[in-house]
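Asker: The residues making up each chain are set out below.
4 protein chains.
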Amino acid sequence: MIRKDVLDKGFVKLVDLLGGDDTVVRSARVSFGSGSKGEEKDRKLIAYLLAHGHETPFEHAVFQFHVKCPIFVARQWFRHRWASYNEISGRYTVFDDGEFYVPDRKRIREKVNRQGSVVADVSDEEHRAFAEAIEAECARSVAAYRKMIAEGTAKELARTILPVGMYTQFYWTVNARSLMNFIRLRCDEHAQYEMREYAGVIRDVFREKMPWTAAAFEKGSSSEG
Amino acid sequence: MIRKDVLDKGFVKLVDLLGGDDTVVRSARVSFGSGSKGEEKDRKLIAYLLAHGHETPFEHAVFQFHVKCPIFVARQWFRHRWASYNEISGRYTVFDDGEFYVPDRKRIREKVNRQGSVVADVSDEEHRAFAEAIEAECARSVAAYRKMIAEGTAKELARTILPVGMYTQFYWTVNARSLMNFIRLRCDEHAQYEMREYAGVIRDVFREKMPWTAAAFEKGSSSEG
Amino acid sequence: MIRKDVLDKGFVKLVDLLGGDDTVVRSARVSFGSGSKGEEKDRKLIAYLLAHGHETPFEHAVFQFHVKCPIFVARQWFRHRWASYNEISGRYTVFDDGEFYVPDRKRIREKVNRQGSVVADVSDEEHRAFAEAIEAECARSVAAYRKMIAEGTAKELARTILPVGMYTQFYWTVNARSLMNFIRLRCDEHAQYEMREYAGVIRDVFREKMPWTAAAFEKGSSSEG
Amino acid sequence: MIRKDVLDKGFVKLVDLLGGDDTVVRSARVSFGSGSKGEEKDRKLIAYLLAHGHETPFEHAVFQFHVKCPIFVARQWFRHRWASYNEISGRYTVFDDGEFYVPDRKRIREKVNRQGSVVADVSDEEHRAFAEAIEAECARSVAAYRKMIAEGTAKELARTILPVGMYTQFYWTVNARSLMNFIRLRCDEHAQYEMREYAGVIRDVFREKMPWTAAAFEKGSSSEG
Chain P
1 MIRKDVLDKG FVKLVDLLGG DDTVVRSARV SFGSGSKGEE KDRKLIAYLL
51 AHGHETPFEH AVFQFHVKCP IFVARQWFRH RWASYNEISG RYTVFDDGEF
101 YVPDRKRIRE KVNRQGSVVA DVSDEEHRAF AEAIEAECAR SVAAYRKMIA
151 EGTAKELART ILPVGMYTQF YWTVNARSLM NFIRLRCDEH AQYEMREYAG
201 VIRDVFREKM PWTAAAFEKG SSSEG
Chain C
1 MIRKDVLDKG FVKLVDLLGG DDTVVRSARV SFGSGSKGEE KDRKLIAYLL
51 AHGHETPFEH AVFQFHVKCP IFVARQWFRH RWASYNEISG RYTVFDDGEF
101 YVPDRKRIRE KVNRQGSVVA DVSDEEHRAF AEAIEAECAR SVAAYRKMIA
151 EGTAKELART ILPVGMYTQF YWTVNARSLM NFIRLRCDEH AQYEMREYAG
201 VIRDVFREKM PWTAAAFEKG SSSEG
Chain E
1 MIRKDVLDKG FVKLVDLLGG DDTVVRSARV SFGSGSKGEE KDRKLIAYLL
51 AHGHETPFEH AVFQFHVKCP IFVARQWFRH RWASYNEISG RYTVFDDGEF
101 YVPDRKRIRE KVNRQGSVVA DVSDEEHRAF AEAIEAECAR SVAAYRKMIA
151 EGTAKELART ILPVGMYTQF YWTVNARSLM NFIRLRCDEH AQYEMREYAG
201 VIRDVFREKM PWTAAAFEKG SSSEG
Chain L
1 MIRKDVLDKG FVKLVDLLGG DDTVVRSARV SFGSGSKGEE KDRKLIAYLL
51 AHGHETPFEH AVFQFHVKCP IFVARQWFRH RWASYNEISG RYTVFDDGEF
101 YVPDRKRIRE KVNRQGSVVA DVSDEEHRAF AEAIEAECAR SVAAYRKMIA
151 EGTAKELART ILPVGMYTQF YWTVNARSLM NFIRLRCDEH AQYEMREYAG
201 VIRDVFREKM PWTAAAFEKG SSSEG
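Protein chains in written order, with our numbering: chain P, 1 to 225; chain C, 1 to 225; chain E, 1 to 225; chain L, 1 to 225.
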């Protein structure tokens with residue numbers, strides 16, 4: 001199935017999929033006692049449903065992903081409660097590969113929009129120095145963690161010193177309605193860059209697997225703005 | 001796919017399915033960073049998860065049903081909120097087939113357990129007479145409804161006189177965790193006979209499609225009682 | 001607390017309330033590590049949160065209602081899954097008051113908008129005749145139900161002939177976020193008249209108890225349309 | 001209201017409360033069309049509801065907490081999806097107090113039960129040395145974070161090196177049904193020590209505010225084991 005790399009060491013894999021655009025049409029038409037009526041009418045129906053806030057038919061198409069991302073990204077992700085998650089546990093698993101996120105550019109606080117960040121206007125060398133500083137810090141924490149583990153410390157306790165930039169992995173099962181909500185919030189320009197990188201890949205998968213719904217959804221979103 | 005008749009005019013169809021026992025194993029093992037380890041170990045894992053209340057891995061297997069049942073059954077069904085529904089609407093659709101539920105036996109109040117009902121100890125003739133009385137009442141309501149529709153009355157208003165025994169239809173998408181909860185409550189002897197008839201069919205589909213989980217689930221349920 | 005009559009025999013009672021506008025402010029400011037900053041800034045914060053889709057702070061204010069409405073209204077109501085319900089059960093309770101909904105006007109199908117209905121352009125006498133026809137039908141069903149109960153028929157079975165216009169009662173606990181979604185969908189002109197009557201009362205209670213949020217919400221909703 | 005310290009720098013505050021044992025009774029009796037019937041009968045009803053899996057009445061009592069805990073505890077906490085959360089954001093707030101969790105004892109891997117941990121059988125001095133090692137590691141990360149902030153690095157980016165032992169704060173609104181599920185899973189001996197410390201305090205608050213429900217719940221839980 002689909003697998004795309006994200007950031008320096010992460011990925012998004014589409015593991016499985018239940019239905020698609022046709023599932024939306026079929027479940028919506030149950031309300032009227034009929035099924036598909038050809039592409040043109042089916043696409044119109046999907047656009048109508050989205051435009052009028054009839055979102056339940058989109059719950060019958062279900063995506064299943066395997067995601068690898070930094071903990072601080074996962075923490076935002078898991079806020080989406082209308083979905084199912086299973087994550088690698090730092091209590092049972094030694095983070096022995098010791099993978100953490102290293103950004104490739106320094107970003108500074110944005111003056112105008114205090115929520116965001118902008119890429120610092122500095123030399124490539126300075127960007128590299130910043131990345132190396134992050135890497136050095138995280139590597140030191142991981143080394144200390146490994147030492148503790150070697151000394152018999154319980155995994156659940158030793159991990160307390162690991163940085164939130166550590167990579168984690170999880171299974172994510174989510175229906176198309178909840179997925180659209182995820183895309184709306186996490187592809188937004190106010191979302192953090194690292195989050196947006198993942199959300200963009202999720203959106204690409206959504207576009208590929210549910211092209212009619214994705215087209216209607218994006219048209220609707222842009223006309224709102 | 002699977003289609004089974006229920007009661008006098010109802011049915012349950014399995015429309016689609018995402019994953020199964022292997023999905024549970026795979027998503028649970030993400031916690032440990034591994035996948036399937038052969039049938040014996042995988043079955044043990046499933047039994048362990050259920051016995052210890054680790055229910056999230058079961059959310060990654062998803063069933064999709066098309067159901068036709070009386071309104072009073074649907075009302076209990078829709079109380080299960082961790083699932084998705086799309087139902088035929090009495091506002092847009094004329095119930096022109098006029099199908100309603102006719103029980104084949106009279107049931108009376110049970111003295112000991114005031115919640116339930118028992119089949120009346122009467123002659124076949126009396127049972128038949130009871131069924132005919134129900135049928136006559138509902139048929140009269142449907143006839144009055146049709147007359148109102150013929151006179152131009154809005155469907156959403158005319159339906160107010162239709163009985164709760166009328167058949168309705170809906171799409172139901174539900175994960176295996178929520179499905180087990182449904183089976184636990186609705187196959188229970190305290191549940192109404194008509195509800196149990198549907199829940200029993202759902203349980204049969206569950207057994208066929210997720211045999212390892214169903215076996216562990218039923219073993220666990222019985223040892224609790 | 002607040003109690004308002006709805007339709008011919010229904011009501012909405014506000015039983016209890018957790019927090020209000022101040023709860024939204026307080027929980028939102030946890031994100032910034034601060035609390036209330038005076039009415040002007042607090043109102044601005046609420047408007048900002050709504051305008052930018054930051055809806056979680058509104059989940060911390062919780063309403064509890066006791067509702068009496070026809071079954072066909074309750075069926076739409078219960079579709080809102082992010083809320084808690086406890087309803088009178090037709091399995092355990094005899095509907096001995098036999099209350100059902102009697103509309104005061106005939107409504108016919110609307111030609112332009114096939115989903116809705118419009119009040120029929122007929123004489124008061126015809127409206128009255130229509131209401132009497134509904135009443136006669138429902139009364140006949142209730143009489144047949146009572147007869148069955150008197151003959152020992154189980155309540156859960158006898159009720160199958162009762163009309164969906166019968167009144168039911170339930171407790172409803174719902175947070176302000178879910179409540180706004182309810183108001184948005186159920187006060188809409190596409191919603192059925194009887195549903196809108198209830199939703200309008202719910203909106204009035206919301207306006208009274210969370211005036212800042214309600215004002216920002218209604219301003220936002222209207223500018224969307 | 002109630003405020004209790006947890007671990008070295010955390011706390012749990014009960015901010016607000018909607019209802020209690022009486023709310024459960026009242027909402028459950030809606031099903032039968034009645035209210036309170038005196039303490040003895042009301043307690044029996046609560047025990048009956050819990051014993052028979054009728055859990056919806058417990059959703060009408062709602063607790064609101066303000067919690068301060070390490071990030072790795074919060075991550076487990078947020079897995080409980082039937083609840084509402086608002087958390088301090090590391091994107092907008094500088095962790096300038098730089099508070100992180102320092103355990104007071106070394107815990108090692110348990111041989112028998114590979115999931116847990118046990119306090120190491122070492123001298124007080126060794127325990128102190130362990131705590132100091134944790135403290136030194138986290139302090140170094142915090143110092144590096146502050147330096148990055150001082151150099152203009154965006155908060156959302158600099159935090160990537162902060163350890164998961166950093167304290168965070170959030171608002172938590174949760175109904176009694178979901179709360180009991182939380183207590184069942186998080187007071188369990190298989191839960192991590194730090195999580196159990198919080199869950200124990202939550203359970204104490206629950207016992208104080210809903211004594212009848214808590215007593216029936218704990219009796220039921222123990223007889224299961």
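Treat the hints with caution; some may be incorrect.
Because identical chains share one entry, a pair is satisfied inside a single copy or across any pair of copies.
As the list claims (entries may be wrong) - For lysine-lysine, the following DSS-like pairs were computed, each having C-alpha atoms within a straight-line distance of at most 30 Å: (1) LYS111 / LYS13; (2) LYS44 / LYS111; (3) LYS155 / LYS219; (4) LYS219 / LYS4; (5) LYS155 / LYS111; (6) LYS147 / LYS209; (7) LYS209 / LYS44; (8) LYS147 / LYS13; (9) LYS9 / LYS155; (10) LYS147 / LYS9; (11) LYS147 / LYS41; (12) LYS155 / LYS44; (13) LYS111 / LYS41; (14) LYS209 / LYS13; (15) LYS4 / LYS147; (16) LYS147 / LYS219; (17) LYS9 / LYS44; (18) LYS111 / LYS4; (19) LYS37 / LYS4; (20) LYS209 / LYS155; (21) LYS209 / LYS111; (22) LYS209 / LYS9; (23) LYS9 / LYS219; (24) LYS147 / LYS44; (25) LYS41 / LYS219.
Keep in mind that the hints were calculated from the coordinates and are not lab data.
Asker: Indicate, hint by hint, whether the structure satisfies it.
Answerer: So, going through the hints one by one against the coordinates:
1. When the C-alpha separation of LYS111 and LYS13 is checked against a cutoff of 30 Å, the pair qualifies neither within a copy, at 36 Å, nor between copies, at 35 Å.
2. In this assembly of identical chains, the alpha carbons of LYS44 and LYS111 lie at most 30 Å apart only when taken from different copies (21 Å versus 44 Å within one copy).
3. In this homomeric assembly, LYS155 and LYS219 never come within 30 Å of each other (Cα to Cα): the closest approach is 48 Å inside a single copy and 33 Å across copies.
4. Within a single copy, LYS219 and LYS4 get their C-alpha atoms as close as 25 Å, which meets the 30 Å cut-off; across copies the closest is 41 Å, which misses it.
5. With identical chains, the CA atoms of LYS155 and LYS111 are at most 30 Å apart between copies only, with a shortest distance of 13 Å across copies and 41 Å within one.
6. With identical chains, the CA atoms of LYS147 and LYS209 are never at most 30 Å apart, being 46 Å at best within one copy and 45 Å at best between copies.
7. In this homomeric assembly, LYS209 and LYS44 come within 30 Å of each other (Cα to Cα) only inside a single copy, at 18 Å, whereas the closest approach across copies is 35 Å.
8. In this homomeric assembly, LYS147 and LYS13 never come within 30 Å of each other (Cα to Cα): the closest approach is 33 Å inside a single copy and 37 Å across copies.
9. For the identical chains of this complex, LYS9 and LYS155 are neighbours both inside a copy (23 Å) and across copies (22 Å), given an alpha-carbon limit of 30 Å.
10. Taking CA atoms no more than 30 Å apart as the test, LYS147 paired with LYS9 passes in both settings, with 24 Å inside one copy and 26 Å between copies.
11. Taking CA atoms no more than 30 Å apart as the test, LYS147 paired with LYS41 passes in neither setting, with 64 Å inside one copy and 32 Å between copies.
12. Proximity of LYS155 and LYS44 under a CA criterion of 30 Å is satisfied inter-copy only: 25 Å between copies versus 54 Å inside one chain copy.
13. Within a single copy, LYS111 and LYS41 get their C-alpha atoms only as close as 48 Å, which misses the 30 Å cut-off; across copies the closest is 21 Å, which meets it.
14. Proximity of LYS209 to LYS13 under the C-alpha cut-off of 30 Å is found in both arrangements, the shortest distances being 13 Å within a copy and 25 Å between copies.
15. Proximity of LYS4 to LYS147 under the C-alpha cut-off of 30 Å is found in neither arrangement, the shortest distances being 34 Å within a copy and 35 Å between copies.
16. Within a single copy, LYS147 and LYS219 get their C-alpha atoms no closer than 53 Å, and across copies no closer than 44 Å, so neither meets the 30 Å cut-off.
17. When the C-alpha separation of LYS9 and LYS44 is checked against a cutoff of 30 Å, the pair qualifies neither within a copy, at 41 Å, nor between copies, at 33 Å.
18. In this homomeric assembly, LYS111 and LYS4 never come within 30 Å of each other (Cα to Cα): the closest approach is 34 Å inside a single copy and 39 Å across copies.
19. For the homomeric pair LYS37 and LYS4, the shortest alpha-carbon distance between copies (27 Å) is at most 30 Å, but the shortest distance inside one copy (35 Å) is not.
20. For the identical chains of this complex, LYS209 and LYS155 are neighbours neither inside a copy (40 Å) nor across copies (36 Å), given an alpha-carbon limit of 30 Å.
21. In this assembly of identical chains, LYS209 and LYS111 lie within 30 Å of each other by CA distance neither inside one copy nor across copies; the values are 39 Å within and 37 Å between.
22. In this assembly of identical chains, the alpha carbons of LYS209 and LYS9 lie at most 30 Å apart only when taken from the same copy (25 Å versus 36 Å across copies).
23. Within a single copy, LYS9 and LYS219 get their C-alpha atoms no closer than 33 Å, and across copies no closer than 43 Å, so neither meets the 30 Å cut-off.
24. Taking the shortest alpha-carbon separations for LYS147 and LYS44, neither the intra-copy value of 61 Å nor the inter-copy value of 34 Å comes in at or below 30 Å.
25. Proximity of LYS41 to LYS219 under the C-alpha cut-off of 30 Å is restricted to the intra-copy arrangement: shortest distance 17 Å within a copy versus 34 Å between copies.
Of the numbered hints listed earlier, those contradicted by the structure are 1, 3, 6, 8, 11, 15, 16, 17, 18, 20, 21, 23 and 24.
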